[in-house]
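> Residue strings, one per chain:
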Amino acid sequence: MSTVIKAEGIVTRFGNRVIHDGVNLHVERGEIYGILGESGSGKSVLMKEMIMLLEPSAGKMSVLNQTLNNIGFDEAQALRRKWGVLFQFGALFSPLTVAENIEVQLKEYTDITKKMRNELINSKLNMVGLEPSVGALYPSELSGGMIKRAALARALAMEPELLFLDEPTSGLDPIGARNFDELILELRELLGVTVVIITHDLDSIFNIVDRMSVLADKRVVAEGNIKNVLQSEHPFVEEFFKNKYTQKYM
Amino acid sequence: MKKQFLGYEADQHQLKLSSKGEWTLQSVRQIEKQLAKVPCDKKIIWDLSEIEQFDSAGVLLFIEYLARFKKVTDIEVIGYTEKQKAMYDLLKEKSLKEVFTPQKQTILERIGQNTVEVYNDFKDFVTFLGHLFSAFFHTLMHPVDIRYKETIYHIHRSGFNALIIVGLSAFLVGLVIAYQSGVQLEKFGANLFIVDAVSISITRELGPMITAIVIAGRSGSAYTAEIGAMKITEEISAMRTMGFDPYYFLVLPRVFAMMIALPLLIFFADIMGIFGGMVASKMQLGISMGQFIDRLNEVLEVKHYLLGMMKGPVFAFLIAAVGSYRGLQVSENTESIGLHTTASVVNSIFLVIAFDALFSVIYTELEL
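The listed protein sequences derive, respectively, from chains X and U.
For reference, each letter of the first sequence is one residue, going 1 to 250 in this note's numbering.
For reference, each letter of the second sequence is one residue, going 251 to 618 in this note's numbering.
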């Protein structure tokens with residue numbers, strides 16, 4: 001197995017506020033990797049540093065064998081085509097229909113024909129469990145669950161090696177959330193993508209996540225599969241994993 | 251009639267106080283007034299059994315007055331239900347903890363904070379300009395990277411769609427200028443000089459200025475609101491992760507479109523302004539259109555028109571850059587869009603006026 005993402009000694013400061021103080025983690029190819037932690041522990045910030053929306057104040061981040069510190073413009077652009085990102089609230093482009101949302105990157109970065117593009121759009125919609133007719137709708141016409149699915153379809157448009165999901169099941173009803181988990185598992189089987197997922201959802205953590213890191217006290221307090229993590233005696237891990245709600249998984 | 255929330259039954263040694271009715275948020279104010287009048291010279295027995303309804307506001311009031319009575323006299327509480335006790339315990343526990351009061355800032359702190367904010371804002375704007383210029387020159391070198399479709403879309407929206415309002419504003423300004431100066435010129439019998447006054451002031455100063463101000467209010471604010479909304483919905487972050495640099499995809503098309511559309515609008519405003527002056531001259535001073543145009547040919551040198559026109563791209567750049575910059579500054583709350591849109595319009599109108607003054611100085615120094 002090869003390492004897809006490696007964070008070494010990441011330090012993040014906003015003014016005087018220290019968010020991360022030496023975060024280390026690594027993500028292997030083909031796994032579903034969870035980033036956990038209480039709210040405010042900097043999970044989203046860490047993910048934003050992986051996808052070059054933010055730069056860490058210190059430390060080294062590398063993604064798909066590219067070191068992000070001082071990355072050149074062309075390398076950065078090339079890297080951006082190899083991943084897909086699902087934002088927490090979808091972030092679909094509101095003036096465009098769902099189909100156009102999926103199409104933008106294909107149109108920009110490839111020279112495939114319109115017919116081929118349409119076929120790809122339909123196959124992506126199908127993959128995430130949406131009817132082809134949804135393609136003609138605008139994001140404002142979609143329900144919360146459909147927005148997430150459509151945004152996932154967009155994230156898959158460029159056949160990414162790496163998928164970043166920011167709280168994919170938050171705001172979904174319990175059944176919708178479990179279906180979404182299934183979908184992520186299926187996609188991993190089907191496309192062999194590596195998935196990095198920020199989540200609070202205990203069901204997702206116990207059922208689909210292979211390995212995870214737990215952020216607390218500005219660093220990673222536990223990393224590994226669920227068994228490794230449960231061995232940690234950090235107060236946050238104790239509180240989060242060893243309570244009456246997690247009994248059913250044990 | 252006022253509702254009674256308290257009943258008294260006093261004898262020599264003690265006062266029996268009974269709470270009645272609804273001890274809820276709606277009635278606490280009245281209850282408090284009645285409680286304040288309770289005499290505390292004897293032992294109090296407080297009976298809660300007649301309370302029909304209560305909520306946390308009622309319980310908090312009870313806690314407060316219980317503590318007050320305790321300080322001055324003996325008190326015994328009877329007749330409370332399990333539910334009341336549970337809420338009492340819950341609220342008692344919370345109210346014992348330290349009350350959070352936000353710290354008030356002194357005036358010096360506020361001045362300091364605002365100064366730092368203005369300084370940081372300026373630094374951010376310089377950073378923005380740096381990005382913008384680097385993208386600007388990159389696209390000049392690589393014209394393939396210009397987003398033609400978006401640029402044309404914005405020319406249509408900020409230029410073509412503004413023709414009516416710009417034309418009307420300029421027409422009215424020309425009309426007013428001619429009317430006002432007409433009154434003065436008539437006194438000296440220098441009627442025909444109205445043409446000089448109107449044509450030179452419109453082409454050199456007023457045409458560009460009116461157009462820029464109307465467009466700053468119309469399109470500058472729209473740019474801020476559009477980009478700001480995209481910021482809130484994370485659409486800009488999404489674009490970035492897809493490799494769509496917002497400077498190339500959002501800012502530059504707007505800047506280019508504005509720099510093309512504004513000079514064209516100024517040209518139109520010049521025509522409409524002079525036409526306004528022409529109409530006023532005819533009505534007030536009886537100068538015929540033919541006379542007006544003959545005189546216009548004599549006095550309006552091309553340089554006046556060109557000097558006015560040269561301001562166009564500069565004003566356009568200011569409006570589009572400030573509008574986009576403020577949009578990108580919007581943070582993740584909805585109030586921020588309003589604040590930044592206001593700031594965008596105020597800043598761009600001010601900058602337009604300031605740069606107009608600068609142009610005046612430069613033109614005068616160069617004796618143009």
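It is worth saying that the hints were derived from the structure and are not from the lab.
Each hint should be verified, as a subset may be incorrect.
Selected chain X positions facing chain U (in silico; Cβ < 7 Å) [to be verified]:
hint	residue
1	V18
2	Q77
3	F87
Everything numeric in this text was worked out from a predicted model, so none of it was measured.
Glycine included, every Cβ here is placed at the ideal spot set by N, Cα and C.
> Now tell me, hint by hint, if it's right for this structure.
Going through the hints against the structure:
Annotation: interface hint on V18 of chain X violated; nearest CB of chain U at approximately 20 Å, more than 7 Å. Of the supplied interface hints, the one on Q77 of chain X holds, with its beta-carbon coming within about 5 Å of a beta-carbon of chain U, less than 7 Å. A hinted interface residue such as F87 of chain X counts as satisfied when its beta carbon comes closer than 7 Å to some beta carbon of chain U; here the least separation is about 5 Å, so the hint holds.
Checked against the numbered hints above, the structure breaks only hint 1 and satisfies the rest.
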